[in-house]
Amino acid sequence: MTFALLLRLATQRIWASKLRSALTMLGIVIGVSAVVTLISVGQGAQQGINDSLADLGANQISVTSTTPDGLQDQDMDNIATIQGVSRVSSEVRSNGDASFEGNDARVSLIGVSPGYEAIATPTVGSGRFLPENQAAQSSRVAVLSAIAASDLGVGFDDLGSEIRVNGVAFQVIGVLDDAEGFGGGGNVLMTQTAARSLYAKSPYVSVINIQAVDKEAVAAVESSVESYLRVSKGFVDDDDAEFIIFNQAALQDAVNTVTGTLSLFITAIAGISLVVGGIGIMNIMLVSVRERTREIGVRRAIGATQGQILTQFLLEAVLLSVLGGLIGLIIGLVSSFGLAQLGGWDFFIDPGTVALALGFSAFVGIVFGVWPARTAGKLQPVEALRFE
Amino acid sequence: MSELVVDLRHVKREYLTGDVITVALADVSFQVERGEFVAIVGPSGSGKSTLMNLVGCLDRPSSGDVIVAGKNVKNLDDGELTELRSKSIGFVFQQFQLLPLTSAVDNVATPLLYQGVRPREAKRRAAEMLTRLGLGERLNFDRGRLSGGQQQRVAIARALVTNPDIVLADEPTGALDSASGEAVMNIFKEMNAEGRTIVLITHELDVAAVASRRVHIRDGLIERDDRSPMTAATR
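Protein chains in written order, with this note's numbering: chain R, 1 to 388; chain P, 1 to 235.
In short, the hints are calculated from the structure, not lab data. Backbone N, C-alpha and C define an ideal beta-carbon position, used for all residues, glycine too. Hints are not guaranteed to be accurate.
Here are the simulated DSSO-like cross-link-like pairs (lysine-lysine), alpha carbons at most 27 Å apart as the crow flies [stated by the list, open to error]:
no. : chain 1 : residue 1 : chain 2 : residue 2
1   : P       : Lys-87    : P       : Lys-123
2   : P       : Lys-87    : R       : Lys-378
3   : P       : Lys-189   : P       : Lys-87
4   : R       : Lys-378   : P       : Lys-71
5   : R       : Lys-233   : R       : Lys-201
6   : R       : Lys-378   : P       : Lys-74
7   : P       : Lys-87    : P       : Lys-71
8   : P       : Lys-12    : P       : Lys-71
9   : P       : Lys-87    : P       : Lys-12
10  : P       : Lys-12    : R       : Lys-378
11  : P       : Lys-123   : P       : Lys-189
12  : P       : Lys-87    : P       : Lys-74
Covered stretches of chain P, as calculated for chain R (at least 3 residues, CB under 8 Å) [what the hints assert, rightly or not]:
no. : region
13  : 55 to 61
14  : 105 to 114
Reference excerpt, derived from the structure (chain P facing chain R, CB under 10 Å, subset only) [to be verified]:
no. : residue
15  : Ser-49
16  : Leu-81
17  : Glu-83
18  : Ser-86
19  : Lys-87
20  : Ile-89
21  : Gly-90
22  : Phe-91
23  : Phe-93
24  : Leu-98
25  : Ala-159
26  : Asn-163
In isolation and in its complexed conformation, chain P is listed as follows (with noise of 0.2 Å):
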């Protein structure tokens, strides 16, 4: 069990805002193992949501290597990066990001479609997700009929559907009240107990509690891998 599915080397991200270079990630290496539960955490303006944007290959570094499930991202192109994302990361975002005037189903068959799975098969694969996560009962909803808490489950469906190697979590349970907040972090910790790697963007240490490791981001460096687990006077 060292399957490295994410491997970061001396990871350098600036920014050119006009004339002013801003550094978002200094020099920054971790590894994520398959399989691992892990947080990372950071106030904002830590460069966290950058490390997510490199992680989910939606961004590529200045400098230094992001290799994703074995492929390094800068030897991809477009075409290859979408490929890359499409198979191995699933996201969920804080608000959700359900596609409109779609329907709950149709919202976790689309990543099955793009991948060119036939709509029939798409669409018995995203109810059978749903139905896992307690939706069977609102596949036809469309976003504007569900609450937070399911909306934020049809968009965990959406990120497990394709079986991809990381599921990456940017602030989940942010635009969530505290118990759909909870119900969430139960449906990653039973992900994780099947075996599923979960990265995990919070900056909230009771939200990274639920993680086996927390990586503790500021100021562009990652300041402490903490891989024991959270005791309550650690807290």
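So here's chain R without its partners, still in its complex pose (with noise of 0.2 Å):
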């Protein structure tokens, strides 16, 4: 008997006994379209947090002074002549109060120098961001983060209109549009010749914002960085260290190895459920074979072989768990799209895990099927036609 002829035989079988076979089926069902929707969502939810953090750029490292007079001006211009170095600019940070029309808040006042648009690429949602001229440098304008607006009620309609910084007047000239991502926070960004003005004193800068030429770069310029740090500051990397330098690559793949550990993680919680699917499925096969002794004793007594009993009854349970493994598959898959357009990330089908789901319910129903089939193949055939 060939295997398709066996292959009809199993079919038959469970296309006989729907109910039974549907749960059966079940515990695999479950396992597979749980393993799909996790590592799909997984992967959505990865390549989402990827994206946001190649928009801050996977070429940039800053280097953030942990005290006030860490750096300066000078360095900011000494980084500038690394090799690899393609933009720098600097920031220097305090928090302070900010009013708007009888509305205060505490925020982040940021003063930038010219060249921060270019590296931090921030998104005005409406007005416009800080001159980069040198005569305007002194004007005190702010640009407000999209959650400082809100915090002070600040408007479309309120473009050109003075807030207050610490006491001081500025003309509100721009609202970013930042509320994804992160740094998000309530902050008011102005001139760094304002900020010195109201309470940075010059030359010390809070943080350098370097740009490497490409993202391939930027392991050798944060090198280049730390030996100019070390060098000329007595920089030393530990958990004292003055300056902290980071780079956007870094937190890449720290999100990275964090989702994936999680998604293995889950992904060994599915495969329990996908063991214990399979030890059903073994269940139900021994089941099986008792009841149906009677015909395996007339089916050896007609001519069938020890191995095309063991067959037959093989690969019915390796239909039954490839079966669920599909459904599990489509289920998981729906599920997934579903979830994606909730989260707001991409659905995308990997083949991977779509040869996972088939490949490993496959494998289940031949570890757990392989017992019941050879009890099957091994029944003497007198013993098994004597069976009531």
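Dock chain to chain to rebuild the complex, using the hints, since each chain is given by itself in its own frame.
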């Protein structure tokens, strides 16, 4: 009897007891749909995080001083000459109080040097960003982050109005559309000159932003920056370091590691349900072998070999399992599509996930089908025929 | 016409049940020639089922030789034994034992499929055999839609389709009403008339009467081997 015929026998059998087959498959269905959903959602979410990190610029490095006088304008100029650096800018930071028409808010004050816009690429929702030209640097104009604008009650119509920052009047010239991504706190951005007249001393800066020529240059630039700081400032990279060097690529790697570990963990849990599903199949197959002992006896009597009986039962187990895997795959893809819609990330079908789902369910079917199938194959014809 | 299809020599078959050895066959020797119609007759517990299992190559003797179609069973492994069954034996069971979820024609085709005959050819031969036995109209009926007599005819077709050396029938009329039983016995008579070897196991003397030879068995021993045609007087 050919493989195709044995396969047909197994199919007939599964189809003949639909409810029982469906219930037997349920464990695999749940296991596979869980795995597919979790992997797909994990990949989608990871993609989303990576995209927003890429928006921030994967070729950027920032050096932050933990003391007020750690970094100076001169350091920025020196760093700008390092090989692989394309742009630099600096920030002076502080906290302050802002008010507008009776609304008060505690905000972060960020005084940025010309060139900041090119590196940080802030998205201006309305109005414009801070002036770049030298002549306008001393003007008291401010750009608000979306959160700062809403805290202060600054709307679209209020562009050009004055807010007070630490008691000093600033004209609002722009509001950022930075609700997404990181750093969306209540920020008030102004020119560095204005910041220095208000709260910071020249020539000190809090943060130096560095843009490398490309993503591949980041590591080299970072180590050059590190050795510059070591030589000129006695920088030691430990927990009490006076400087924090940070790059987006490292963050991206960290996020990938976390989501990778998380999805591995989740997959392991879902794998347990596949094993449980496999035990369910084994259980039903053992019952089935017992119920069909007479049939096995008759088949042996009319010429079926041990191998043919074994194959028939093994195929039945594998078919149950793979069918469960297929149904689980469809459910998993549908639910991850739904979740992607809800979560606002892209839905995509990873061929690896599909192969994993089907491959693993076939594997489960074989592993848990072998024992019942062997039991069936090993039945002695005389005993099987006599079985009541 | 002296070719032996079954040759049993001093066959003994014991079973171990717990610590107790039960002797099902003590010492049985008998031969069946090609073309014979033999009934093995005995009450229940006489050892006739054990004998059937041995002749049918479903079981092996504890000692002695069972030679079926020229092959000594004791020299064969499970695969070879299966092949011998497949080629040489056609089984007819008391409870018909048609395969579930399987149409009449597929039931009859199954032994051929196990032999490796192509499905189309197997089905054609199965349909032919069923038609000969008067079931040409019911090829695609499964066992739930066939009467007992019809099921037994399907089973007989399944036994004959491989053209075996021996048709081995175990109480083939046991589950049938007398009219259906008589019809089944007539089929066996016709088959024998065509030259087929038939070994019939029964406890009913009037069923055994159809055979040309009756081997009476009791307590694991052959009591009488009766080759004369049965007459009303000896019944």
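Verification of the supplied hints:
Distance restraint check for Lys-87 (chain P) and Lys-123 (chain P): the Cα-Cα separation of roughly 18 Å lies within the 27 Å cut-off, and the hinted pair is therefore satisfied. Simply put, Lys-87 (chain P) and Lys-378 (chain R) have alpha-carbon atoms about 21 Å apart, close enough for the 27 Å limit, and the pair holds. For the given pair, Lys-189 (chain P) sits about 22 Å from Lys-87 (chain P) by alpha-carbon distance, which is consistent with the 27 Å threshold. Of the pairs offered as hints, the one joining Lys-378 (chain R) and Lys-71 (chain P) holds, with about 23 Å between alpha carbons and a cut-off of 27 Å not exceeded.
Simply put, Lys-233 (chain R) and Lys-201 (chain R) have alpha-carbon atoms about 19 Å apart, close enough for the 27 Å limit, and the pair holds. Only pairs whose Cα atoms come within 27 Å are accepted, and Lys-378 (chain R) paired with Lys-74 (chain P) is accepted, the gap being roughly 19 Å. Distance restraint check for Lys-87 (chain P) and Lys-71 (chain P): the Cα-Cα separation of roughly 12 Å lies within the 27 Å cut-off, and the hinted pair is therefore satisfied. With a C-alpha separation of about 18 Å, the suggested pairing of Lys-12 (chain P) with Lys-71 (chain P) holds against the 27 Å cut-off.
Straight-line distance between C-alpha atoms of Lys-87 (chain P) and Lys-12 (chain P) comes to about 25 Å, which keeps the hinted pair within the 27 Å bound. For a cut-off of 27 Å, the pair hint linking Lys-12 (chain P) to Lys-378 (chain R) stands: about 24 Å separates their Cα positions. Annotation: proposed proximity of Lys-123 (chain P) to Lys-189 (chain P) holds, straight-line Cα distance about 26 Å (limit 27 Å). As the CA atoms of Lys-87 (chain P) and Lys-74 (chain P) are separated by approximately 17 Å, the hinted pair is consistent with the 27 Å bound.
Remark: the region 55 to 61 of chain P is confirmed as covered by chain R, as 3 of its residues place a Cβ nearer than 8 Å to a Cβ of that chain, reaching the required three. Under a criterion of three residues with beta carbons nearer than 8 Å to beta carbons of chain R, the stated coverage of the region 105 to 114 of chain P is upheld, 4 such residues being counted. Restraint check, Ser-49 (chain P) versus chain R: the minimum CB separation of about 8 Å is within 10 Å; hint holds. A cut of 10 Å between beta carbons decides the hint on Leu-81 (chain P): the least distance to chain R is about 9 Å, and the hint holds.
Hint status for Glu-83 (chain P) relative to chain R: holds, with the closest Cβ pair at about 8 Å, below 10 Å. Interface hint at Ser-86 (chain P): satisfied, since its Cβ lies 3 Å from the closest Cβ of chain R, which is below the 10 Å cut-off. Proximity of Lys-87 (chain P) to chain R holds as hinted, the smallest CB-CB distance being about 8 Å (cut-off 10 Å). Interface restraint check: Ile-89 (chain P) against chain R, minimum CB-CB distance 8 Å, threshold 10 Å, status holds.
Given hint, Gly-90 (chain P) at the interface with chain R, holds; its Cβ is 8 Å from that chain's nearest Cβ, closer than 10 Å. For Phe-91 (chain P), the shortest C-beta to C-beta distance to chain R is roughly 5 Å, which falls under 10 Å, so the interface hint holds. Annotation: Phe-93 (chain P) was flagged as interfacial toward chain R, and the flag holds, the nearest CB pair being 7 Å apart, inside 10 Å. Evaluation of the Leu-98 (chain P) hint against chain R yields a held restraint, the C-beta minimum of about 8 Å falling below 10 Å.
Given the 10 Å rule on beta carbons, the hint for Ala-159 (chain P) holds: about 8 Å separates it from the nearest Cβ of chain R. Among the interface hints, the one on Asn-163 (chain P) is violated; its C-beta lies about 13 Å from the nearest C-beta in chain R, farther than the 10 Å criterion.
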